[in-house]
Every structure is written in C-alpha cells, then in structure tokens.
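Sequence order for the protein chains is A and B.
The first sequence lines up with residues 1 to 751 when you count with my numbering.
The second sequence lines up with residues 752 to 905 when you count with my numbering.
There may be inaccurate statements among the hints.
Unchecked claim - List time: in silico BS3-like cross-link candidates among lysine-lysine, alpha-carbon distance up to 25 angstroms:
1. A:LYS252 - A:LYS96
2. A:LYS318 - A:LYS338
3. A:LYS209 - B:LYS903
4. B:LYS902 - A:LYS704
5. A:LYS681 - B:LYS823
6. A:LYS96 - B:LYS845
7. B:LYS866 - A:LYS201
8. A:LYS342 - A:LYS457
9. A:LYS601 - B:LYS845
10. B:LYS817 - A:LYS252
11. A:LYS209 - A:LYS153
12. A:LYS711 - B:LYS823
13. A:LYS252 - A:LYS396
14. B:LYS845 - A:LYS209
15. A:LYS371 - A:LYS516
16. A:LYS189 - A:LYS201
17. A:LYS338 - A:LYS368
18. A:LYS217 - B:LYS903
19. A:LYS688 - B:LYS794
20. A:LYS217 - A:LYS338
21. A:LYS704 - B:LYS817
22. A:LYS217 - B:LYS902
23. A:LYS217 - A:LYS371
24. A:LYS107 - A:LYS155
25. A:LYS371 - A:LYS569
26. B:LYS902 - A:LYS465
27. A:LYS209 - B:LYS765
28. A:LYS465 - B:LYS765
29. A:LYS215 - B:LYS845
30. A:LYS166 - A:LYS146
31. A:LYS688 - A:LYS704
32. A:LYS516 - A:LYS318
33. B:LYS765 - A:LYS215
34. B:LYS794 - A:LYS209
35. A:LYS457 - A:LYS741
36. A:LYS215 - B:LYS794
37. A:LYS601 - A:LYS745
What the hints assert, rightly or not - Computed beta-carbon distance windows for the label pairs:
38. B:ASN758 - A:ASP682: 41 to 51 angstroms
39. B:LYS765 - A:GLU635: 48 to 58 angstroms
40. A:LYS681 - B:GLY784: 36 to 46 angstroms
It should be emphasised that the hints constitute simulated quantities derived from the structure, not laboratory data.
Keep in mind it's a predicted model, so treat the numbers as computed, not measured.
Beta carbons are placed, not taken as given, at the ideal position from N, Cα and C, and that holds for glycine.
Now for the letters of each chain:
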Amino acid sequence: MKNIIEKSFIKKIDRRSFLKSSSIATTGLILGMHVSCTPKPGEENRPAATFEPNVYLTINEKGEITIIAHRVEMGQGIKTALPTILADELEADWEKVSVTQAVADEKYGDQNTDGSYSVRMFYMPLRKAGATARLMLEQAAANKWKVDVSECKAKNSEVIHEASGKKLDFGALADDASKLPLPAEEDIKLKDESEFRLIGKSTPIVDLKDIVQGKAKYGIDSDIPGVKYAVIARPPVAGGTVASYSAESALKVPGVIRVEELETPGFPVSFTLPAGGIAVIADNTWAAIKGRDALDVKWNDGENATFDTSTYLKELEKDAKSSGIVKRDNGNVDLSIKSASKILEATYISPHLSHAPMETPNALADFKEGKCEVWAPAQNPQLTRKVVAEALNVDKEAVTINITLLGGGFGRKSKPDFVVEAAVLSQKCQMPIKVIWTREDDLQLDFLHSCSAQYLKVGIDDNNKVTTWNHRSAYPPIDIHFNPKAEIPAMWELSLGLLDMPYDIPNVRCETVPTKARSRTGWLRSVSHIQHAFAVCSMVDEIAYARNMDPLENILDMIGADRNIDFDKLFDGYANAGVPIADFPWETARLKNVVNLVAEKSGWGKTMPAGSGMGIATHRNHLTYVACVIEVKVENGKISIPEIHYAVDCGTVISVDRVKSQFEGGAIYALSGAIGEITFKDGKVEQKNFDTFRVVRMRDAPTKINVHLVKNNEKPTGVGEPPVPTIAPALCNAIFAATGKRIRKLPIDLS
Amino acid sequence: MENYSLNINGENTKVEGVPEDMPLLWVLRDIVGLRGTKYGCGKGLCGACTVHLEGQAVRSCSIPIKFANEKKITTIEGLSENGDHPLQQAWVEKNVPQCGYCQSGQIMNAAALLKANPNPSEQEIIDGMQGNICRCGTYNRIKEAIQSAAKKEM
Numbered sequence: 001m002k003n004i005i006e007k008s009f010i011k012k013i014d015r016r017s018f019l020k021s022s023s024i025a026t027t028g029l030i031l032g033m034h035v036s037c038t039p040k041p042g043e044e045n046r047p048a049a050t051f052e053p054n055v056y057l058t059i060n061e062k063g064e065i066t067i068i069a070h071r072v073e074m075g076q077g078i079k080t081a082l083p084t085i086l087a088d089e090l091e092a093d094w095e096k097v098s099v100t101q102a103v104a105d106e107k108y109g110d111q112n113t114d115g116s117y118s119v120r121m122f123y124m125p126l127r128k129a130g131a132t133a134r135l136m137l138e139q140a141a142a143n144k145w146k147v148d149v150s151e152c153k154a155k156n157s158e159v160i161h162e163a164s165g166k167k168l169d170f171g172a173l174a175d176d177a178s179k180l181p182l183p184a185e186e187d188i189k190l191k192d193e194s195e196f197r198l199i200g201k202s203t204p205i206v207d208l209k210d211i212v213q214g215k216a217k218y219g220i221d222s223d224i225p226g227v228k229y230a231v232i233a234r235p236p237v238a239g240g241t242v243a244s245y246s247a248e249s250a251l252k253v254p255g256v257i258r259v260e261e262l263e264t265p266g267f268p269v270s271f272t273l274p275a276g277g278i279a280v281i282a283d284n285t286w287a288a289i290k291g292r293d294a295l296d297v298k299w300n301d302g303e304n305a306t307f308d309t310s311t312y313l314k315e316l317e318k319d320a321k322s323s324g325i326v327k328r329d330n331g332n333v334d335l336s337i338k339s340a341s342k343i344l345e346a347t348y349i350s351p352h353l354s355h356a357p358m359e360t361p362n363a364l365a366d367f368k369e370g371k372c373e374v375w376a377p378a379q380n381p382q383l384t385r386k387v388v389a390e391a392l393n394v395d396k397e398a399v400t401i402n403i404t405l406l407g408g409g410f411g412r413k414s415k416p417d418f419v420v421e422a423a424v425l426s427q428k429c430q431m432p433i434k435v436i437w438t439r440e441d442d443l444q445l446d447f448l449h450s451c452s453a454q455y456l457k458v459g460i461d462d463n464n465k466v467t468t469w470n471h472r473s474a475y476p477p478i479d480i481h482f483n484p485k486a487e488i489p490a491m492w493e494l495s496l497g498l499l500d501m502p503y504d505i506p507n508v509r510c511e512t513v514p515t516k517a518r519s520r521t522g523w524l525r526s527v528s529h530i531q532h533a534f535a536v537c538s539m540v541d542e543i544a545y546a547r548n549m550d551p552l553e554n555i556l557d558m559i560g561a562d563r564n565i566d567f568d569k570l571f572d573g574y575a576n577a578g579v580p581i582a583d584f585p586w587e588t589a590r591l592k593n594v595v596n597l598v599a600e601k602s603g604w605g606k607t608m609p610a611g612s613g614m615g616i617a618t619h620r621n622h623l624t625y626v627a628c629v630i631e632v633k634v635e636n637g638k639i640s641i642p643e644i645h646y647a648v649d650c651g652t653v654i655s656v657d658r659v660k661s662q663f664e665g666g667a668i669y670a671l672s673g674a675i676g677e678i679t680f681k682d683g684k685v686e687q688k689n690f691d692t693f694r695v696v697r698m699r700d701a702p703t704k705i706n707v708h709l710v711k712n713n714e715k716p717t718g719v720g721e722p723p724v725p726t727i728a729p730a731l732c733n734a735i736f737a738a739t740g741k742r743i744r745k746l747p748i749d750l751s
Numbered sequence: 752m753e754n755y756s757l758n759i760n761g762e763n764t765k766v767e768g769v770p771e772d773m774p775l776l777w778v779l780r781d782i783v784g785l786r787g788t789k790y791g792c793g794k795g796l797c798g799a800c801t802v803h804l805e806g807q808a809v810r811s812c813s814i815p816i817k818f819a820n821e822k823k824i825t826t827i828e829g830l831s832e833n834g835d836h837p838l839q840q841a842w843v844e845k846n847v848p849q850c851g852y853c854q855s856g857q858i859m860n861a862a863a864l865l866k867a868n869p870n871p872s873e874q875e876i877i878d879g880m881q882g883n884i885c886r887c888g889t890y891n892r893i894k895e896a897i898q899s900a901a902k903k904e905m
C-alpha cells in the first residue's frame with residue numbers, strides 16, 4: 001500500500017517542552033508525529049503544515065499509554081479507531097491505553113472532522129508512529145540484554161527475547177527508549193497485515209461504559225461554577241432583523257438576570273456568523289426559555305419574507321428543464337439524441353433536510369481577563385477557535401476550545417455560529433454563559449441541506465444501448481459560504497455524484513443552473529450526493545425498464561468494461577473527494593464487485609409476493625464503493641422495509657463493527673431524508689419539532705440491515721457519509737418493483 | 752417560587768426556590784446537577800429525557816416539578832449500583848451506542864418496559880420504544896439488546 005501522506009514526520013519530544021504544551025504529566029517515552037495532507041480544492045484554508053508535532057503518544061514508567069485523539073467524536077467511532085491503529089503497530093496492550101481528547105490547536109494538523117476522511121488521512125502516519133515507538137522499545141530492550149534488536153520482539157506491551165525467554169514490560173523500557181535517537185525511516189518496519197490484533201477487528205468504543213451509565217460528557221453537560229444560561233430569540237426568517245422587543249417583560253420572569261441584543265448580520269450569511277437576535281440570560285435554562293417567551297419580539301423579516309418552498313421548487317424544476325452551464329460535455333449530446341429510438345425524460349425533486357442531531361447546538365464560554373475558555377461540541381475545532389477570537393477581538397492564543405463529545409453532528413456542528421454566540425455573550429456580560437438551542441431553534445435556523453431539482457434526458461438507440469445522458473442540476477451553492485459571489489455550486493459540490501457519472505455512455509452532458517439560496521443552507525451527511533444519487537440511480541433503474549432488462553443486469557451492462565475512469569480527462573476540475581485520482585482511481589471493477597456482491601447476498605431475482613419488491617442502487621462516494629438492495633413491502637399505501645443489504649468496499653477496515661454500525665445507522669438517517677422534509681412558508685420553517693419534522697423511529701426502521709464488507713488491502717476510505725446516497729433511490733426503485741409507481745419526488749408520498 | 756422534596760436515586764433531595772412549572776428535566780440538570788438525563792425536544796416527542804417517576808417511564812421535560820414533589824425518581828445515574836443493570840450490560844455487549852446521546856433515555860425507557868413486561872415480543876418492543884428517537888439509527892441494536900437482556904433475566 002502506498003503511503004498517501006507525503007508530508008509526515010515523527011519527532012521525539014523532550015519532556016520539558018511536552019509538559020509545557022500538555023496537561024499530561026508523565027515520564028517515559030513521548031513521541032510526537034507531524035501529519036498533514038494536501039487540502040481539498042476549495043479548502044485551501046484548512047490548516048497548513050506546521051513544524052510541530054501534532055499527535056502525541058506517551059508511555060510512562062508504569063506502562064500506561066496515552067494517545068491524544070485530535071479528531072472529533074460524534075458517533076462515528078473515530079476517537080477509538082485512530083488510537084487502535086497506532087496501538088496495533090505499537091503492539092500495545094489495549095487495556096493499558098487511555099485516550100485523551102485534544103483541544104483546538106493548529107499543532108494537531110487538520111482537526112476539521114468532516115468529509116469522511118479521518119481514517120483515510122491518518123491511517124499510514126499513525127501506523128508509522130506506532131511502528132517507530134515499537135522499534136525504540138525493542139532497541140532499548142536489546143541494549144539492556146546486549147543482543148541484536150532483530151532478536152527482540154514487542155508483543156502486547158512487552159518486549160520478548162525469544163532465545164532466552166527474557167521479557168520486559170513497555171513501562172520498564174520507556175525511559176531508556178526515550179533516550180534513544182529516532183530510528184532511520186528505512187529501519188521502521190510496518191507489521192504484516194496478518195499480524196494485526198486491533199485493525200480489522202471490532203474494538204468497543206472507549207466511551208461505551210460511560211455512555212450507558214449516563215456519565216459521558218457532551219457539550220450540553222459542560223458546567224463551571226457560576227455559569228448562567230442563555231436562550232436566544234433569533235430572526236425566524238434568514239436575514240431578518242429585530243424591530244422591537246420588551247426586555248422589561250423578560251426581566252420580570254424569576255431567574256432572568258439580563259437581556260442582550262446581538263447583531264443581526266443580514267443575508268446571505270456565512271456559517272461562521274451567528275444569526276443575532278435577543279439573548280435572555282438566566283439562572284437556569286427554564287427561566288431563560290420563559291424569559292424569551294416573554295420578550296414579545298417583533299421582526300423585520302427582510303428579503304426572504306416571502307420565501308415559500310413550494311413555489312421555489314417549481315422555479316427550480318423549470319430552471320432544471322431549461323438550459324444550464326455546462327460542466328461536462330463528452331461526445332455530442334444534441335446529435336446523438338436525434339438518432340435515439342427511445343428518449344426518457346424525468347425530473348427528480350428532493351426537499352430541504354435538517355441535520356437535527358439529538359444534542360442541539362450549545363456551547364459554554366467563560367471570558368475573563370482578556371481570555372476565553374470554551375467547551376463546545378464542535379466538528380471544526382480550529383475554525384471555531386479562529387472565529388471566536390475574531391468575534392471577541394482577541395488573539396487566537398487567548399482562546400481555548402475544549403472539545404466535548406458530540407451528541408450527533410452530521411455536518412451541523414461544523415458551523416461554529418452557536419459557539420460564537422456563547423463567547424460574545426460571555427464577553428458582554430463578563431460571566432460564564434452556556435447557550436442552549438431548543439429543538440425549535442435548531443429546526444428553524446439550521447444550515448439546511450437544500451432542496452433541489454434534477455432534470456435528466458436519456459437516449460437509447462436501435463441496438464438498445466444507452467447513447468445519450470444529459471443531466472441538469474438545480475440547487476443553491478454551498479460555495480456561497482466560501483465565495484459570497486458564487487451563483488452556481490462549486491466543482492467540489494458538482495463532483496459529488498453529478499459530474500462523475502460513471503456509466504459507459506458515449507455522449508454525456510452535465511450542467512448546473514444559477515440558483516439563489518433563500519434560507520440558511522449548508523452541508524449535511526453526504527452533501528449533494530444525496531440529490532445527485534437520487535436522480536442518477538433512479539434514472540438508471542428507469543433505463544432498465546425502458547431497455548426491458550433486469551435492473552441488476554442493466555447496471556452491470558451500463559458500467560461496462562473494467563477500467564479506471566479518468567474523469568480528469570473528461571472534464572476540468574474533478575475533485576475526487578479532495579485527492580488526486582492517480583492515488584484513488586475510479587475503478588469500475590470495484591463498483592461492479594459491490595453490485596455483484598449485494599445481488600448475491602440479497603438473493604436478487606427471487607420471487608417476491610404481490611405488493612413487495614426489491615430495488616437496487618450503486619454509488620461511489622467519499623472514495624468508497626457502495627451497492628444497496630432494499631426489499632420493500634407496500635400495504636394500503638404504507639411502506640415497510642423487511643431488509644436492506646449493503647455491499648461496501650471501503651478498502652482496509654479498522655473496526656468491522658463500527659463500519660457496520662455506520663451503515664446500519666446511515667441507512668436509517670437516509671430513510672429519514674426519504675420520508676421527512678423541511679418546508680418554508682412566509683420565509684419561516686413550517687416544522688417546529690419532532691411532531692412535524694418526521695424522522696425514522698423504531699417502527700419505521702428496516703427490520704434487518706445487512707452490511708457485507710469487501711475484504712481487501714486497498715487504502716482505507718470513508719464510511720461516515722457513504723451509507724446515505726443509495727438509500728432513497730434503492731427504496732424508490734423497490735417501490736416501483738412492488739407497485740409500478742415511480743417516485744420522482746421526495747419525501748415519498750404514496751397517497 | 753416554591754420548595755420541593757424529591758427522592759432521587761434513593762436520596763432525599765431538597766430543591767428550593769424554583770417555579771412550580773419548571774420541568775423535572777431542568778431541575779435535574781441545572782439545579783441538582785445530574786446531567787445523564789438529556790434534553791432533546793422539550794415537548795415529550797423524542798424520549799431523550801426519560802426517567803422513572805414512581806417506577807414509570809416519563810418524559811422529564813414534560814413533568815412540572817410540582818408533580819414530582821415527594822415522589823421517587825430514578826435517573827440513568829441511579830439505574831444500577833455499578834452500571835451493571837442487565838440492559839446496560841446488553842447495551843455494552845451489542846455495542847449499541849454511536850454518539851450515545853439518546854441512550855440514557857433509551858435505556859431508562861427499556862428498563863421500565865421490561866419491568867412491566869419481562870418477556871416482550873418484538874412488536875411489543877417496537878411499540879414500547881416508539882417514543883424514543885435515535886438520529887444515529889441504532890434501533891436494531893437497541894431491539895436486540897432488549898431481547899438479549901430479557902432472555903437473560905427469564
């Protein structure tokens with residue numbers, strides 16, 4: 001396996017400088033590694049390499065091993081996965097390993113936990129680090145025993161001299177090891193994969209026992225003496241401003257101590273800026289909520305006052321059917337469509353979706369003496385630190401961001417607006433303040449996944465071959481957050497399943513349409529793969545019926561011969577999830593393999609009872625190849641899902657159980673996106689809480705979700721987002737198989 | 752503003768100077784300092800705040816403190832002495848949690864369910880757990896863990 005991380009190094013840390021920069025007091029071996037990666041196109045603002053170590057491993061004289069987790073845990077298991085990689089190479093006894101969550105600091109390299117790339121980015125650097133420490137411990141033992149290091153082997157936190165049977169614990173060797181020079185790069189030998197004891201197994205997450213006992217600390221559980229609680233009335237319409245309010249009424253509520261007005265930034269807004277409004281600060285959350293109810297705020301709704309998703313979607317649909325800006329153009333679509341014997345045309349509609357993590361946005365900030373300490377469930381620690389410092393007008397060094405566990409993130413907590421609110425209020429009031437969003441706040445002012453319209457026109461020739469593919473996609477650009485002048489989605493957005501349409505069709509044109517956002521929008525688990533895959537995978541199924549072919553047979557035929565698709569040559573600017581396509585090629589053989597595997601495991605083609613059907617969809621995303629079969633039963637207009645099968649090729653698997661759990665949960669998250677929606681009327685979100693924002697509950701959940709992992713030694717790729725895109729199209733394809741009714745609009749409505 | 756006397760996890764706890772309509776959830780979290788019980792919706796729609804009131808599973812976000820006065824309350828922190836309630840063990844065995852935020856409420860709801868019906872059918876579990884949302888989507892493992900705990904206790 002080729003190491004994809006070019007800029008990485010390992011550095012020994014002297015104890016004094018380590019103690020200066022870390023709260024962990026220890027003696028023994030301390031290793032720091034520097035790892036970094038090439039930023040994604042459009043994400044050059046990600047932290048660049050600094051020449052400080054950023055991942056720490058310490059082994060003290062008792063043999064206790066501490067690994068600092070620098071990425072953010074939100075249910076994906078990364079706080080456990082990355083340390084197991086290091087511990088495996090180190091030959092550590094996992095029982096002796098403890099994991100500490102890092103604060104926000106550039107010295108840790110990239111901490112922005114999104115885009116399904118934590119394992120991909122850090123797999124090799126962490127293995128190298130573990131192997132380096134292992135070799136140093138072996139060398140320390142060899143020196144002690146006066147034998148050659150090749151005779152000493154680390155195993156389960158001991159070094160063993162096989163010939164004599166001598167053994168020494170890592171703790172007994174740590175101090176000696178720390179005095180050795182770092183081994184030369186060529187002397188560091190990675191374990192053979194057959195020797196893995198943690199990688200590829202299923203290590204339980206480190207917080208498991210705390211979670212089931214209610215001891216795990218999320219952002220909302222942060223507490224410091226003297227903390228006050230803030231609830232904010234924010235403009236309900238994006239870009240709105242305050243017209244009037246009654247601070248007096250709010251202050252009459254027992255427990256309310258202050259009312260503060262916060263600046264409203266107008267529209268469009270960056271995801272780093274709070275929405276502004278009126279904050280009510282109280283002795284407890286309930287008093288703050290009651291105080292806010294009493295504010296009697298009147299708003300100027302501003303330019304989005306008439307925003308209505310039903311008319312907006314009609315406009316998008318019209319735009320998608322007209323003409324667009326061409327981003328991929330191969331062959332000659334206009335000419336080939338003229339010679340088609342069959343033409344398929346369809347528009348696929350998908351709604352706004354809310355992240356709605358179970359833990360609503362919240363943050364605790366304590367500003368005093370020019371410094372601010374924050375506790376927050378933030379997905380992007382360093383950006384949070386930066387924007388908090390900017391908002392407070394202090395140096396970044398004056399801001400400490402402690403990262404808690406996240407009660408779900410899904411992309412919502414990448415946006416640090418809610419942390420800025422707490423920091424600004426703490427500075428204004430000179431007291432520690434915890435800001436809590438109610439669920440109503442969360443749904444009203446989420447950075448929503450945007451609704452979209454996808455128009456597709458496909459031509460099939462006399463030989464029953466698909467010769468023409470024209471896809472036109474309309475939704476507002478997320479790029480607006482990074483580039484205020486953006487009118488169309490950036491290439492990284494369009495590269496998520498639209499431009500990298502992999503089917504072997506000679507004439508292909510993919511287009512986008514300028515669209516203006518009218519609400520706060522942003523990225524949600526799997527981003528624009530959601531709408532692109534819904535359209536592409538649905539149309540592929542429609543093609544199967546038009547060609548009079550079995551959907552599975554059709555997919556395999558449309559994928560065509562085994563090859564690596566060089567999208568760089570088919571259009572300019574392919575993002576490939578931020579990595580060069582030479583490093584992570586687009587391999588049709590791997591796509592075909594997951595399609596065949598899911599077909600075999602699901603018993604594709606078996607006879608289904610009346611009202612039941614199977615649907616298939618396949619989609620590569622975040623460099624992972626996924627195929628999905630859903631079995632659906634439709635009774636009296638009601639859907640139930642007896643079974644889902646996924647076949648997944650995500651390369652090397654770190655934790656089998658956590659990869660499976662991501663797919664089990666991702667299926668359910670995506671199903672919520674197929675049955676629920678956020679709609680706007682008069683500029684305001686119509687759904688107030690979980691009574692009207694429909695999400696999957698246990699009774700809606702598939703009875704069984706089977707995850708079949710392809711076993712190989714390919715480089716590890718993402719698993720957090722890849723479960724999502726195939727679900728809605730596979731389900732709609734299954735509904736078509738069961739009922740003959742083609743669903744082209746989400747949420748699914750069978751009435 | 753009133754004073755209340757609660758029995759929380761076997762301990763008598765005085766809560767002074769809170770309004771009668773303050774939900775038990777915020778009393779537990781902000782006043783008493785027991786934060787294992789989570790806020791999720793504030794309207795009794797998601798189950799994250801589930802505790803036992805006199806042995807019954809209730810949504811603490813929707814129980815005004817005046818209705819909890821002089822009553823016995825059990826929270827996730829008091830479900831078992833050492834975190835070894837059969838459900839907590841089953842949750843660990845099945846690696847149920849992902850982010851884990853809703854799991855206190857899930858476990859408390861399941862504990863009341865099993866107390867009332869020690870051997871529930873699959874459908875009874877689904878019906879009984881219907882009020883508890885998990886956005887990470889751990890439902891199938893929750894179901895398996897409840898079945899496994901029920902089996903062991905039989």
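Hints and how they fare:
1. A:LYS252 - A:LYS96: 55 angstroms, violated
2. A:LYS318 - A:LYS338: Holds, because 23 angstroms separates the two Cα atoms, which is no more than 25 angstroms.
3. A:LYS209 - B:LYS903: Holds - the C-alpha atoms of B:LYS903 and A:LYS209 are around 20 angstroms apart, at most 25 angstroms.
4. B:LYS902 - A:LYS704: 20 angstroms, holds
5. A:LYS681 - B:LYS823: 45 angstroms, violated
6. A:LYS96 - B:LYS845: Roughly 23 angstroms separates the two Cα atoms, so the pair holds.
7. B:LYS866 - A:LYS201: Outside the cut-off at roughly 35 angstroms; violated.
8. A:LYS342 - A:LYS457: Distance ~11 angstroms between A:LYS342 and A:LYS457 Cα, so the pair holds.
9. A:LYS601 - B:LYS845: Satisfied, since the Cα-Cα distance of roughly 23 angstroms is no more than 25 angstroms.
10. B:LYS817 - A:LYS252: Cα-Cα ~21 angstroms, so holds.
11. A:LYS209 - A:LYS153: Roughly 33 angstroms between the alpha carbons, so the hint for A:LYS209 and A:LYS153 is violated.
12. A:LYS711 - B:LYS823: Not OK: A:LYS711 and B:LYS823 at ~52 angstroms, beyond 25 angstroms, violated.
13. A:LYS252 - A:LYS396: Not OK: A:LYS252 and A:LYS396 at ~38 angstroms, beyond 25 angstroms, violated.
14. B:LYS845 - A:LYS209: 12 angstroms, holds
15. A:LYS371 - A:LYS516: 39 angstroms, violated
16. A:LYS189 - A:LYS201: The given pair, whose Cα atoms are some 21 angstroms apart, holds under the 25 angstroms limit.
17. A:LYS338 - A:LYS368: 71 angstroms, violated
18. A:LYS217 - B:LYS903: 30 angstroms, violated
19. A:LYS688 - B:LYS794: The hint holds at about 11 angstroms.
20. A:LYS217 - A:LYS338: At roughly 63 angstroms apart (the allowed maximum being 25 angstroms), A:LYS338 and A:LYS217 break the hint.
21. A:LYS704 - B:LYS817: Violated, because 43 angstroms separates the two Cα atoms, which is more than 25 angstroms.
22. A:LYS217 - B:LYS902: Status violated; Cα separation ~31 angstroms.
23. A:LYS217 - A:LYS371: 24 angstroms, holds
24. A:LYS107 - A:LYS155: 31 angstroms, violated
25. A:LYS371 - A:LYS569: 51 angstroms, violated
26. B:LYS902 - A:LYS465: Violated, at roughly 56 angstroms.
27. A:LYS209 - B:LYS765: Distance of about 30 angstroms is beyond 25 angstroms: violated.
28. A:LYS465 - B:LYS765: 77 angstroms, violated
29. A:LYS215 - B:LYS845: 19 angstroms, holds
30. A:LYS166 - A:LYS146: The hint holds at about 12 angstroms.
31. A:LYS688 - A:LYS704: 31 angstroms, violated
32. A:LYS516 - A:LYS318: With Cα atoms ~14 angstroms apart, A:LYS516 and A:LYS318 stay inside 25 angstroms; holds.
33. B:LYS765 - A:LYS215: Cα-Cα ~23 angstroms, so holds.
34. B:LYS794 - A:LYS209: 28 angstroms, violated
35. A:LYS457 - A:LYS741: Given pair A:LYS457, A:LYS741 holds - Cα atoms ~20 angstroms apart, limit 25 angstroms.
36. A:LYS215 - B:LYS794: 24 angstroms, holds
37. A:LYS601 - A:LYS745: 29 angstroms, violated
38. B:ASN758 - A:ASP682: 41 to 51 angstroms: Holds, at about 48 angstroms.
39. B:LYS765 - A:GLU635: 48 to 58 angstroms: The hinted range 48 to 58 angstroms holds for B:LYS765 and A:GLU635, with Cβ atoms some 54 angstroms apart.
40. A:LYS681 - B:GLY784: 36 to 46 angstroms: 41 angstroms Cβ-Cβ, so the 36 to 46 angstroms window holds.
Checked against the numbered hints above, the structure breaks hints 1, 5, 7, 11, 12, 13, 15, 17, 18, 20, 21, 22, 24, 25, 26, 27, 28, 31, 34 and 37 and satisfies the rest.
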